[in-house]
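Asks: Chain residues, written in single-letter form:
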Amino acid sequence: MDFLLWVRGPAFNIAVAIFVIGVLARLFEILVLGRKSLYSEPKGAQMGPGVAEIFKRSVPLPDIVKRGAVTLVGGYIFHIGLFITIFLFVPHIEFIHSVFGVRWPGLPNPVVDAVTVITMVALIVLLVHRIRQPVKRMLSTSEDYLTWLVTFLPILTGWLAYHRIVNPYPLVLGLHILSVEVLMVVLPFTKLMHTFTVFISRWYNGAIYGRRGVQS
Amino acid sequence: MSSLTLERGLYDFKAAIDAPIASFFSSCVHCGLCAEACLFYVETGDPKYTPIRKLEPLRRVWEQEYTILGRIKKAVGLSKPVTDDELEEWKELLYASCTMCGRCSQVCPVGNDIAYMVKKAREGMVSSGHAPPALVGAATRAVKIGSPMGVKWPAVQNQIKHVEADTGLKIPVDVQGAEYMPLLSSMEIINFPEYLGALAKIFKQAGITWTLASKAFEATNAGHQIGSSDIERELVVRVVDEAERLGVKFVIGPECGHAFNAIRWDGPELIGRPYKFRVLHIIELLEQLRAQGRLKVDSKVTERLTFHDPCNMARKSGIVNEQRNLLNMVATEFVDMPDNGIHNWCCGGGGGANSMEEYEHLRLKAFGRKRWQLESVQPELLVTACANCRLTMEEGLEHYKMEIPIAGLTEMIAEHLKEDESAA
Amino acid sequence: MVDSITLGESLRRQGVSRRGFMKFCAATASMMALPPSMVPAIAASLEKARRPSVIWLSFQECTGCTESLTRSHAPTVEGLIFDFISLDYHHTLQVAAGDQAEAAREAAMHENAGKYIVVVDGSIPGPGSNPGYSTIAGISNYDMLMETVKGAAAVVAVGTCAAYGGLPKADPNPTGAVAIQSVVRDKPVVNVPGCPPIPTVITGVLAHFLTFGKLPELDALGRPMAFYGQSIHDRCYRRPFYDKGLFAGTFDDEGARKGWCLYRLGCKGPMTYNACATAKWNLGTSWPVESGHGCLGCSEPNFWDAGGFYQALSIPTSNVTRTATAAVAAGAAIGIAAGLANRAKKASAAKQHKTVTVDQLGEG
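Line by line, the protein sequences are chains A, B and C. Following our numbering, the numbering of the first sequence begins with 288 at its first residue and continues without gaps. Following our numbering, the numbering of the second sequence begins with 103 at its first residue and continues without gaps. Following our numbering, the numbering of the third sequence begins with 9 at its first residue and continues without gaps.
Same shape as in the complex, but just chain A (with noise of 0.2 Å):
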């Protein structure tokens, strides 16, 4: 119990610290190194076909489509799922409203749930083959697998708590809380900032090749 009070008082603080700290510091890192202006005659703009690459982006080629089946496949169900799972859960929109005072309405919870297991499932599937296939296997650190750990974990531990698995109750919503405070320290220092560079970097590849008059 003391637990439980300890990881929704004093660690959510320390946690939201350096979330914010480290995420501020990290987008300012990168976009404070600038880019130099271009002097070539452009043949389209960049500030629209930057912000429509950020939405295009995420249709792949069809090509790509068959080549990379598994990574596609089981990166959106993941994504899908943890969005669903964090942003359309009630308990976790009373959260976000004590936060950011804005709230919408949360789909059933035995909906919910069923995300959940999907979603661990499609992660699992996404483990295997980052260690089975050649490409992902050479270009995989530990970091990928660390941030693999503290990106499944609270999605396990907030199925466990919801489920009631573990007992005592406090004990394992404790888990599931300090898990999310994990992640959120661990998000900076890894590739999961790319949850908001995604942005940056669909941006300048839409730019980029928006200025060359790539209709894309």
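By construction, these hints were calculated from the structure, which means they are not laboratory data. No residue lacks a Cβ here, since even glycine has one placed at the ideal position from N, Cα and C. Mixed in with the good hints, there may be bad ones.
[What the hints assert, rightly or not] What follows is a list of derived Cβ distance ranges for each label pair:
(1) B:Thr146 - A:Val408: 45 to 51 Å
(2) A:Pro329 - B:Glu482: 38 to 44 Å
(3) C:Arg21 - A:Pro397: 28 to 34 Å
(4) A:Lys330 - B:Glu158: 29 to 35 Å
(5) C:Asp194 - A:Arg419: 46 to 52 Å
(6) A:Pro392 - B:Glu158: 45 to 51 Å
(7) B:Arg426 - A:Pro329: 39 to 45 Å
[Said to hold, decoys possible] Short, incomplete list of chain C residues facing chain B, as computed with Cβ under 7 Å:
(8) Thr286
(9) Ala346
(10) Lys354
(11) Ala358
(12) Thr363
(13) Val364
(14) Val366
(15) Gln368
(16) Leu369
(17) Gly370
[Said to hold, decoys possible] In the BS3-like style, the derived pairs of lysine-lysine whose C-alpha atoms are separated by at most 30 Å in a straight line are:
(18) C:Lys354 - A:Lys323
(19) C:Lys222 - B:Lys176
(20) A:Lys323 - C:Lys353
(21) A:Lys330 - B:Lys306
(22) C:Lys359 - B:Lys176
(23) B:Lys150 - B:Lys520
(24) C:Lys195 - B:Lys175
(25) C:Lys359 - B:Lys246
(26) B:Lys175 - C:Lys359
(27) B:Lys263 - B:Lys402
(28) B:Lys193 - A:Lys330
(29) B:Lys182 - C:Lys353
(30) C:Lys362 - B:Lys193
(31) C:Lys288 - B:Lys193
(32) B:Lys378 - A:Lys353
(33) B:Lys193 - C:Lys353
(34) A:Lys323 - B:Lys176
(35) C:Lys359 - A:Lys323
(36) B:Lys351 - A:Lys323
(37) C:Lys353 - B:Lys378
(38) C:Lys354 - B:Lys182
(39) A:Lys330 - B:Lys150
(40) B:Lys263 - B:Lys306
Once you have looked at the hints, place chains B and C on chain A.
Replies: Chains B and C in isolation, oriented as in the chain A frame:
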């Protein structure tokens, strides 16, 4: 004692990193999808050719120099420095197995422009002494002789004589105030000299004023290929100076991919100012002329043909519809290959790759992609608009015993031009 | 003060029939999750039980626990059992006052040495605190407690204050209040938390003690499993609404009027272990959730500091907005500083660049 040192290379790596590159490295999640778009991985199955992996030395420099955590790790001795041995190993990855074709940049889910990063990484490879010898040779010839294949103005004059004899048209040289100044690539001058004749015929029909520049006829930019902005600049400046001296309105890039890229997109950044002229790809110009009704053909190509979109034209400069409009004007049976336009597969020879004999086996293996595309449409004729692609594909087709002739689009149009009735 | 009458005789004298007595034993057995086969044993033990001496110590308390226990509207067998015990010391219920009251306590301790039960309600200022915060007859709570439990058979900490520190221990805990079990180490202590606890829980514990001569099975927090083994959430009649995702948003909206789950209104049912959802209050009349108000979690340690009563369990107790605002400023400052350092490093690296010439390439 070589003045090319690891230290110089590391400075250049550091100087090459900008906000886009920092965002790309921050976003990479090691999903490996870039490999599925890369010609060299898809045809060899060797994961070492994974595009983002080609940037590993640059990535480590970024991490160690430009991230707070990376700097701390370096300070306490927990980071792995970039070494000469590593860069030597990476020579193949950054040069032989990458033509900067840009398919990976198109496919990366987080939007990384990997081809852009490869070009920037080559700066450090050059100044640390890890550029391939074949490219060093080409760059040296380009700077000292004027062309990477060693073609000097007298050789061009020779070709001009032949062309004038064949076509009965005069080739203007160093004409002050001409509107258009076409550039030629060494490849065209030596291997496809009909290109110059084609230009003469087309420009006559369209009635435009043009000129070659004796001091700046070479378009191929060996500096762009080797990845040294200093050498690239030196070569571009020759063209810019002459074009501005002659006061031309347009410089026309030839049917050559990287040459166009260098003069159209890199040049102004290298000289730090906009040009006093504009740059067009020859195909862009032809399409403009066609749209204005100044290009007329009176016969058509009846063979079943398809088009190979050079990477630097389509994917990197957005020139996709122009060639199709032109083909529809001059061909009766034009079919597109699967994965055409901006999704086309690289021929495997760009970025200087074609000039490196020692990696020919890799190029031929990678050509398997082009084979598949061609076998899907079974053309009788293959048309393209890049001399380098043409040469690479000719070698590839020969190796695989595929009997498909290749034609350049400009020449093809010139062959079917309406005869000038008003010619004296 | 203790006479030799047994519980059975006492009940008969008060008019409780054998049948009524057996019904009580059956109810007690079922409430404590004991099998029906135990009922005769319970009956036999209770029949023969002798009046135990109970010394009730009240420290930093509000008397709510006593009120809960004694507030019965109709005589019940539970109430009668309570009447059965020899309550030798109780501030509110005793007749004596002053020195006489303390003398009665000491006499009971002496006469029943080793056999009396100490019931405590209220927390005590801990051994490290100023003893003057709470005294009785000039004796500090801590001293009186430690002295009284020396000869006790068992200690029952009634109410969350005694069990875990309760309200006095809530932030900032000015008196240094502590729970009974944190200072009483060498005697069996059973915690009967709740603010206040359900009356039947207290008498159930006593009945168990009288029947079996020992305290019932306890959980990790020292609470009888029979009453505190299940969470409110798992026994709540509104649980189907939680599962279906139907929540009341305010105390008067459509959801509230339809009796939907009160999670969003701060119900701490999921983390609270007590018998409210089944045994209910006021002889089974109702309980907070049934009346439309979320569970406060009053039988859990530190429930006063567990975030607002009207804030859902998933809401942090810390001031996130303040922390985040400060962190934004700090992050931006650090990030801009790092970014400027990056730019300087890049510029200096560019300055180090020596023009590459083909001659240099030729040497290399």
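Asks: Using Cβ atoms only, decide whether Lys354 (chain C) comes closer than 7 Å to chain B, and label the hint accordingly.
Replies: Cβ of Lys354 (chain C) sits 6 Å from chain B, so the hint holds.
Asks: Run the distance test for Lys288 (chain C) versus Lys193 (chain B): straight-line Cα separation, threshold 30 Å.
Replies: The hint is violated at about 78 Å.
Asks: Taking the closest Cβ pair, is Val364 (chain C) under 7 Å from chain B?
Replies: Holds, because the Cβ-Cβ distance from Val364 (chain C) to chain B comes to roughly 4 Å (cut-off 7 Å).
Asks: Given the hint of 28 to 34 Å, is the C-beta distance from Arg21 (chain C) to Pro397 (chain A) inside that range or not?
Replies: At 57 Å between Cβs, range violated.
Asks: Sort out whether Lys150 (chain B) lies within 30 Å of Lys330 (chain A), counting only the CA atoms.
Replies: Distance of about 35 Å is beyond 30 Å: violated.
Asks: For the pair supplied as a hint, Lys263 (chain B) and Lys306 (chain B), confirm whether the alpha-carbon distance does not exceed 30 Å.
Replies: holds (17 Å)
Asks: Have a go at the Gln368 (chain C) hint: is there a Cβ in chain B nearer than 7 Å to its own Cβ?
Replies: holds (5 Å)
Asks: Tell me if the straight-line CA distance from Lys353 (chain C) to Lys378 (chain B) falls inside 30 Å.
Replies: Violated, at roughly 34 Å.
Asks: Is the hint on Thr286 (chain C) kept, meaning its closest Cβ partner in chain B is under 7 Å away?
Replies: violated (50 Å)
Asks: Less than 7 Å between beta-carbons is the criterion; does Ala358 (chain C) satisfy it with respect to chain B?
Replies: Hint holds; Ala358 (chain C) Cβ to chain B Cβ min 4 Å, cut 7 Å.
Asks: Are the Cα positions of Lys323 (chain A) and Lys353 (chain C) separated by 30 Å at most?
Replies: holds (15 Å)
Asks: Under 7 Å, Cβ to Cβ, is where Gly370 (chain C) needs to be relative to chain B, so tell me if that hint holds or is violated.
Replies: holds (6 Å)
Hint compliance for this structure: hints 1, 3, 5, 7, 8, 19, 23, 24, 28, 31, 32, 37 and 39 are broken, all remaining hints hold.
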